[in-house]
Amino acid sequence: MTATRTPSDPAAGRTVRRRGDRVFAGSAKGAGILILVILAGVAAFLVAEALPAVTAPGEDIPGGEGLGAYIGPLLFGTLLAAVIALLVATPLAVAIALFIAYYAPRRLAQGLGYVVDLLAAIPSIVYGFWGIYWLAPRLVPFYEWLERNLGFVPFFAGPTSATGRTMLTAGLVLAVMILPIISAISREVFLQVPALHREAALALGATRWEMIRMAVLPYGRSGVIGGAMLGLGRALGETMAIALVLSVSGGITVNLISSGNPSTIAANVALEFPESSGVDVNTLIASGLALFVITFAVNMLARWIVNRRADFSGAN
Amino acid sequence: MSQTSTTPAPATGQAPAPIGQQRGHLPRWAPWASFAGAAVLVVLLDLAFGLNIALYVLYTVVLGTVGVYALTRLVEGARKATDRLVTCLVVSAFGLAMVPLVSLVYEVVARGIERLDGEFFGYSLVGVVGEGGGAYHAIMGTLVVTALTALISVPIGLLTAIYLVEYGRGRLKQAITFLVDVMTGIPSIVAGLFAYALFALFFGPGVRLGIMGAVALSVLMIPVVVRSAEEVLKLVPNELREASYALGVPKWRTIVKVVVPTAIAGLGTGVTLAVARVIGETAPLLVTLGIVNGTNFDPFDGRMATLPVYAYYQLTQPGVPPQFAIDRAWTAALVLIMLVMGLNVVARLISRFFAPKTGR
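The listed protein sequences derive, respectively, from chains A and B.
Number 453 marks the last residue of the first sequence (the numbering used here); no jumps.
Number 1399 marks the last residue of the second sequence (the numbering used here); no jumps.
For the record, the hints were derived by calculation from the structure and aren't laboratory data.
Here a beta-carbon is modelled for each residue, glycine too, at the ideal position from N, C-alpha and C.
Among the hints, a few may not be true.
Pulled from the structure, derived: some chain B residues nowhere near chain A, Cβ distances all over 10 Å [to be verified]: (1) A1069; (2) V1096; (3) V1100; (4) I1152; (5) L1182; (6) I1195; (7) D1340; (8) P1361; (9) V1379; (10) F1392.
Simulated pairs of lysine to any residue, SDA-like, Cα-Cα distance not exceeding 25 Å [as the list claims (entries may be wrong)]: (11) K1273(B) x N286(A); (12) K1273(B) x G157(A); (13) K1273(B) x F1363(B); (14) K1273(B) x A1285(B); (15) K166(A) x L1274(B); (16) K1273(B) x L171(A); (17) K1212(B) x M437(A); (18) K1212(B) x A180(A); (19) K1296(B) x A1285(B); (20) K1296(B) x R159(A); (21) K166(A) x T1223(B); (22) K1212(B) x T1223(B); (23) K1212(B) x L171(A); (24) K1296(B) x R1391(B); (25) K166(A) x A1214(B); (26) K166(A) x K1296(B); (27) K1296(B) x F1392(B); (28) K166(A) x F1393(B); (29) K166(A) x T1216(B); (30) K1296(B) x N1277(B); (31) K1273(B) x W441(A); (32) K1212(B) x D158(A); (33) K1296(B) x F1393(B); (34) K1212(B) x R159(A); (35) K166(A) x L1218(B); (36) K1296(B) x D158(A); (37) K166(A) x N1277(B); (38) K1296(B) x E1270(B); (39) K166(A) x I1191(B); (40) K166(A) x K1273(B).
Required output: the full structure, derived from the provided sequences and hints.
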């Protein structure tokens, strides 16, 4: 990374006067700055279009109780679905990353990695189709079992949704969707564990699991956390799968298996936007702005964690 | 990298056994035998109670794992038993992750094959009620919008990557690198709302144009192009640049004639994957393009149909005899998956056949 800069420095000093060089360097730099402008523009235009909803009287907002009361339940639903997805996906993704990095036969490992990455390539709307038609009906017996045996836990109070299109189903679909990103980043970090650490553990008589626990996991911890947070960012903003899978009734509830669920910000925008006009549109854009701020913060934190780890890695 | 999966077994088998506590060895086939035994047991259970396939597999895996753990613990000791247990868990986790992939592909192919015919590719939905009709207009719309997106994103993305690798230094480079990373995480629906907000300021509320969709998708595609192009340009050996400078070639010609051609395979792969990433996006197009039944080739004039949005509306608003529209929705999903997978395969082929040999 730093190596590319060294030889170009003297060259740049001498040749910068040429017109071709100046034009080319300028346009390259301009493109870079344009990206910053776009990012700032996303925030600025969302704020500009959200303002009418912020200043509008409470009765004009859908629901009639003001912006906060409108976005609150949506925010709750967004966080709930994302947390379920994260709780399910993280352990699974770490196990898959370990499998590909240290358990799978060497010759198959790369191919298996591609197969997991394929999960990331499938469009989210197709996950929605799959969630409605394949996953949800198959989960209904499981939910009935949960209601019978664990009904005293508020999460599984029921009554069980007959279609299976519940918050838990939505969370599971999200979990499948964020699995590849968490496992890809974890895998990358696990493979960077210095061979000396691993071999030292094995030489001291550690079993493979002990080697992983003592050498691989401590080294890869921040990478796994960063990957999980990137997954969280993805889960918070996921739209179409939730819009299709979740059956929405509004309100706040922690009941995960009934047919009445809070919607999520992104899914709500997708469902309502095409039919909206006037201040409703501004309200939806305001909720989108809230989502943008949250995902931006989560992603920044995640990138910061991942990058900080890169600074300490054995590679440099 | 040294391979760890095979070496530890003999090494750890003998080393840690303390004096006076000599442990035996399980034969290599013992774990498999445990799972086979579990399968037989579950078949017997099946005869008694009747199980579905999911429970069948679940019980087999659970019983087999317990069997392996118990056997190893008895014969080889607790540490080896934990090791085997984790191996079983890790392999089952991978197996579990394959369930959605396999079931999803099977489901989409099985349901989508119904309408995968000439009419689907040759006709739009103009005047179609119930049976028949196709997605010609939606496929064309997707191609137009995606091409426009690539036209916007690829130059910006490539130039930015060139700036980051060849010119950038200091704060600006750091800021761009970091924000491009963060930008990859922007929710797609927010990109759509941004495009809407941008155009609504100039054209008034309720505007729907093809170009809006392209702008929204560009917000999602640019960071992907930058990231992949940056990785590839960094791989170009410095000796090539130095040799070019030594011959008196200006820096910009070095980049255009030496660096970029050397990396062209990787750049092609990156751009193809970025296209694959945006071609299936639904949410931003839902809020910027809307849907129509007729064919519209002009991205600057009114609504356009696109394949993902078409699939969404066919499924959620199927009309009176719903089955025909739902069949069309599944076929659209199948075509979408084939497009994405096809682009992924093309990307791998590009990198395999055109890549220069690197040290890895």
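Of the numbered hints stated previously, which ones are contradicted by the structure, given in increasing order? Numbers 6, 9, 11, 13 and 28, in rising order.
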